[in-house]
Amino acid sequence: MQKLGEFKLPHFFNYPPYFTLQPVRDTREKQVQLWKDLILDYCRTQKVFVIGLEEEFPLFSNPIIGRSLTHEAREAFLSALVADGRAEWMDKGHRKCLILWHRIQEWAEILVQFARDNGLEDGVVTMEEIRFGTESQGTELQGIDQTILNRALKILEQKGKLVVFKGTSTDDEGVKFSL
Amino acid sequence: MESKMIESSKKPNTETEEVKSTRLCRDFSLGVEFCHSQSPASPMSGNFLPPVQLTASGRPVLQRNEIECFYLSSVDLISEDEPTTIPFPNLKSGLLILTSHRLLWISDSSSSEITGAFAVPLAAISHIFSHKKSIKSMFASPRIRFQLSLTPDGRVSGHGLRSVVATIVLRGKGDCDAFLTKFWENWRARAWEDDGPAPGSSSGSGFSSNSGSAPASSGIYSSDGTVRMVGVAGILRKEQEMWESTDKSLQDAFQDLNALMSKAKEMVMLAEKMRQKLLSGSTSQTNASNDEEMGTKEEMQDWLLSVGIISPVTKESAGAMYHQQLSRQLADFVKVPLERAGGIVNLIDIYCLFNRARGTELISPDDLLQACSLWEKFDVPVVLRKFDSGVMVIQNKSHSDEEVFTKIKVLVMKPDTLRAGISASDAARTLGVAPAMAKEHLLSAESKGLLCRDISADGFRFYINLFTEIDRDDLHLVKDHGIYATWVRANHAPQ
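Heads up: the protein sequence lines correspond to chains Z and U, in order. Oh and the first sequence: position 173 is 173 in the working numbering, straight run, nothing missing. Oh and the second sequence: position 194 is 373 in the working numbering, straight run, nothing missing.
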């Protein structure tokens, strides 16, 4: 089995047509589906939150068979993710894509769960602690993208579940839960 | 004998005919040429041609229903025959008026010799010679010759046994060909026969001679007393002669280019009429048209096509005979190239081959397309087929896509092709067809979901479609038996 870092690649990753955008409708549907799943899988396990289309994203090329996705193909597959609500374009030029293997809502729920798990229903915690603290080690929150975290916090804030307050610097940004 | 001035012709035209004619007689001592004379005239007296009465201003007095058609100035009316007993007058330099009934020659007031006005009744003309152009005629004044029939005593008559050839010499600027055309038409039209039966045998106003010397131009009775056919028979005869005239008209048109140019307008109208007929015929009848009509219509279409006019009825009908014949010929021709090319050939290749074989009578791409599209109406073993990519091919009816797909499937499941896929040229070799054709087959196999394309620096290749074999829910699952497994095995086998 081929690996990309720690990630186990499926067999069809070596299937050359996989890297050519298929014109036939049914075939294309299947192809897009496989790519969506693969991308999400990879990003989840490798904690990739942002994909830059012009950058070297390892999933988009297979040096063994000498194939890589064209820009058009990349955009096509990522747009499919965006349409599913599983990704968001970060710019109008579609150069950067925010991958949401968890939807923002899901992230919000994870945060709530995190607070509950750690007795922080009324507690205060910094952003950094959420992202890199000991409590989040081994959880999905570990290494979460700042943008995503902010968005999730915003939702919760609107629901009144917490309050975000700014400290003297970014490091001091914190959250007061009130679950 | 000398001729005299015709003074009376300048008098006002108010008197009755009887009075007029007697006065005429009285005014001349010679008198013979303009009177009710039955006696033979002396050679140069000119009673040969009946005279024409003129009005005060010199205009000819026309008969009932007579219409003026053509004017020519500076015209001589002479006879080039031997002037033995035939006393044809030498009419020089006059105005020639062609009417529906007669040829009128009116002298110029300035001319000498013979003055006055004379008529040649068209009824007395037995033949008009066609105008043959020659080198000589280019430099001389145009001449028109016609044959007049005469009675034994030398008078112009419709039923005479003798004849003389008269010549019209056009010394003026008139259009000879146009005149000749009109002359012919009027002569053929026989308008004088349409005029209702006139009492007795006199021929209407202006004529001062009676039946004895004058040709009967409008009367039930002809000059020798027998009843001339008018009424229904006359109409029928006229119809007949109209057809003959059209027929001759068509013949003339196509022989003489000059005449064609002048007839061009008629031709266009004729063709337009036919076209209208074809169009109206095709829209009014659906399937119930009888065979005869269809046959005539097809003939018309052929005729139109042969003169370069495209038939307006194309898609609805089975096509003109030309295309039908071409279609069959083409079907026969393509048999050999098809066999050589494995049952499928590019249309462009056929176009080249066919035209090369024909040599001279090349066909246009349009003709080829038409011919091919007609095949579905006949029972021929070939069809024209258009691929999704727009490429058009000719293939055997027996050629089945399924067969080709089976062959392709076998080909792509081979270990080598499982690893590397196939290109159009690879397929061409296996299928025995041209690479372009092979590519079309591969593309149509792709559209059926049999193959997948792989475009890279290595080129345009096709693989067996694995996407259908991959489990959505378990990306890593490879079923034990199946194409996917085979493929995996092939790719992991040592090279």
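Certain hints may be false.
Each computed DSSO-like pair below joins lysine-lysine, with the alpha-carbon atoms no more than 27 Å apart [stated by the list, open to error]:
id: 1; chain 1: U; residue 1: 417; chain 2: U; residue 2: 514
id: 2; chain 1: U; residue 1: 658; chain 2: Z; residue 2: 3
id: 3; chain 1: U; residue 1: 452; chain 2: U; residue 2: 311
id: 4; chain 1: Z; residue 1: 36; chain 2: U; residue 2: 452
id: 5; chain 1: U; residue 1: 658; chain 2: Z; residue 2: 8
id: 6; chain 1: Z; residue 1: 36; chain 2: U; residue 2: 627
id: 7; chain 1: U; residue 1: 452; chain 2: U; residue 2: 417
id: 8; chain 1: U; residue 1: 417; chain 2: U; residue 2: 361
id: 9; chain 1: Z; residue 1: 96; chain 2: Z; residue 2: 176
id: 10; chain 1: Z; residue 1: 176; chain 2: Z; residue 2: 154
id: 11; chain 1: U; residue 1: 352; chain 2: U; residue 2: 417
id: 12; chain 1: U; residue 1: 593; chain 2: U; residue 2: 565
Just so you know, these hints were derived from the structure itself, not from any lab.
Now the hints, each set against the structure:
Between residue 417 of chain U and residue 514 of chain U the alpha-carbon distance is near 57 Å, which puts this suggested pair outside the 27 Å criterion. For a cut-off of 27 Å, the pair hint linking residue 658 of chain U to residue 3 of chain Z stands: about 21 Å separates their Cα positions. Simply put, residue 452 of chain U and residue 311 of chain U have alpha-carbon atoms about 31 Å apart, too far for the 27 Å limit, and the pair is violated. Pair hint residue 36 of chain Z plus residue 452 of chain U does not hold up; C-alpha atoms about 70 Å apart against a cutoff of 27 Å.
Between residue 658 of chain U and residue 8 of chain Z, the direct Cα distance comes to roughly 18 Å. Compliance with the 27 Å bound is thereby established for this hinted pair. Our distance criterion of 27 Å between C-alpha atoms is met by residue 36 of chain Z and residue 627 of chain U, whose separation comes to about 24 Å. Pair hint residue 452 of chain U plus residue 417 of chain U holds up; C-alpha atoms about 22 Å apart against a cutoff of 27 Å. For a cut-off of 27 Å, the pair hint linking residue 417 of chain U to residue 361 of chain U stands: about 17 Å separates their Cα positions.
Between residue 96 of chain Z and residue 176 of chain Z the alpha-carbon distance is near 31 Å, which puts this suggested pair outside the 27 Å criterion. The straight-line distance between the Cα atoms of residue 176 of chain Z and residue 154 of chain Z is roughly 12 Å, inside the 27 Å bound, and the hint therefore holds. A hinted pair counts as satisfied when its Cα atoms are at most 27 Å apart, and residue 352 of chain U with residue 417 of chain U does not qualify at roughly 33 Å. Simply put, residue 593 of chain U and residue 565 of chain U have alpha-carbon atoms about 30 Å apart, too far for the 27 Å limit, and the pair is violated.
The structure is inconsistent with the numbered hints 1, 3, 4, 9, 11, 12, although it conforms to all the rest.
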